[in-house]
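Student: Sequences listed follow chains V and L, in order. Under this note's numbering, think of the first position of the first sequence as 199, with each following residue one higher. Under this note's numbering, think of the first position of the second sequence as -6, with each following residue one higher.
Calculated directly from the structure, the hints in this document are not laboratory data. Even for Gly, the Cβ is constructed at its ideal location relative to N, Cα and C. Please note that a few of the clues may not be correct.
Now the stretches of chain L that chain V is said to cover, found in silico as 3 or more residues with beta-carbon under 8 Å [unchecked claim]:
1. 151 to 160
2. 171 to 184
3. 253 to 263
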Amino acid sequence: MINAIEFNNVSYTYPRPAGEGGPARLALDRITLAVPEGQRVGVLGPNGGGKSTLLKLTLGMLPGHTGEIRVMGLPPREAAQRRLIGYVPQRSTAELKFPFTVRQVVEMGATLGLPAWKSLSREQRGNIDRALTLVGASEIAGSHIGSLSGGQLQRVLIARALACAPKVLLLDEPTVGIDAVGQQQFADLLRHLHDDLKLTVMVVSHDIRTVAAGCDRVACLSRTLHFHAAPQGLTPAVLAEVFRHDVAAIFGDIHVDAHAASACSDPSHHHGAVAPTPVSIRVEKTPR
Amino acid sequence: MNTLRYFMDPNLAAGYWPVVVTGLAVAMLCALLSVLVVLKRLAFIGQGISHAGFGGMGLAAVMGLVTAAAAGSASASVGQFLVVLGFCLLSALLIGFLSERGQAEADTAIGIVLVGTMAAGIVLMRTARSRASVESFLFGDILAVTWTDAAIGWTVAVGVLLALWLTRRALLFWSFDPVVARALGVSDRRMNLLLMFLLGLATVTAMRLAGAVLATAMLVLPGAIALRLSRRWLPVLWLAAASAVVGILGGLLVSFELNWPPGAAIVSVLCVLFGVACVPNLTRRVPA
């Protein structure tokens, strides 16, 4: 099995903004990461911990890093341009006043890069229908994109990312602003993506519930990267270290019923699939 | 009726047909772009570019092109068009440069370039001692429109529509969701330049009819009217085209009949259409 995403000793420092004082900011420090094809990895960490930088590097959007990055064996920019990567940002990035239907938005994922005179092939139309069905958006395909709820919009943007049949799916804070039901549906969707499409998925989030419920492995990122079993290894002590705060004070009682797969404490270990077992994590609120 | 007299009399009709033909080219040219201008909130930058056109007119006057074009020289007309277009595009680049380099916020940069180029236009016109009136450049002049302008107008219209068709997939994706478009390899800089170039072309062409001050209205009102009436992409494009044609032909009719400057007459008709388009939304009950 080859690695879909590989980071080899990668560091990235944001350059000092022109005309401003202060030192350049080290965002990622010697990151080594290997995500085998078909695995779902959650990257958990506090705001400013380097999660978005990790995604941007995976998409090839930040030049000037040290170390080597490969996505499906290619430099990230090339992989993105060949449409091997699907990317779903936080929902606020789309202009929802555009007079587009859900289907038109999903089609954009397949038509970007097609020559102007070429229309969609039967196979590409099939991909679009399949993506809509997979995310449960077939019935709202004719609705205006601005009329959707947060959870529906999130699923439509995932369908757009799937419409070009990518090998790797990157999700940035996918459950921000989505209620508990929507979060559960999102976890189910991740499972479907894994089971039906064998997609490699990387989810970046600061929400423990999101990554614990839908991922095989969890990487805790706070400038440096540490792997932990998901969700068994996410003890209050580990989380407090990552978030630099008493996690119970942030999240309160957390109870996630999840199907955890492989438990990995190091990127070089345990990449084989482990039969899913229902588990839960519970972070008790500390008495004050 | 003046209009009938103008078009029934062969001597007068020769002077007025170019106005109508140019008007239709401007309508086609601006209608589709105006939808993007409204959705991308580019109205103010359009205003900046069109005012820069006045500075370009001043430069063309100093070069002797304005006087030669008014005397009927087709090559001088084309030269004048190119000088004004170049001036507009340089102004758009200057706005981009000032805001990108952090020298000024985007709206401040537009404001500075807008007044700076207007001032330059007035000084250059005085220097050139052109016989053409400043008012005709500011508010449009029917008698100044020739068959050369009509030919330039249709050439530009066909060119812009072709460019929009060829780039529609990347341009629409980038306009709708710039963050994901960038992640998938669509260049922000290229898309911005393309849009500025097309806006510059449309503005300079519309200026001949509506003048520097009111040309932007053509790039805002048809799109604003259409988006009030529909939330579907294709109907919006058709409605924008229809309202641009009605606005321009209706405005010319008013201009012929009441002897108003054509720019003011066209903008007045488009504003009335916008008011009518707002009525259904104003009368809709706000849910409790």
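Student: Provide an ascending list of the numbers of those earlier hints which the structure does not satisfy.
Tutor: The structure breaks only hint 3.
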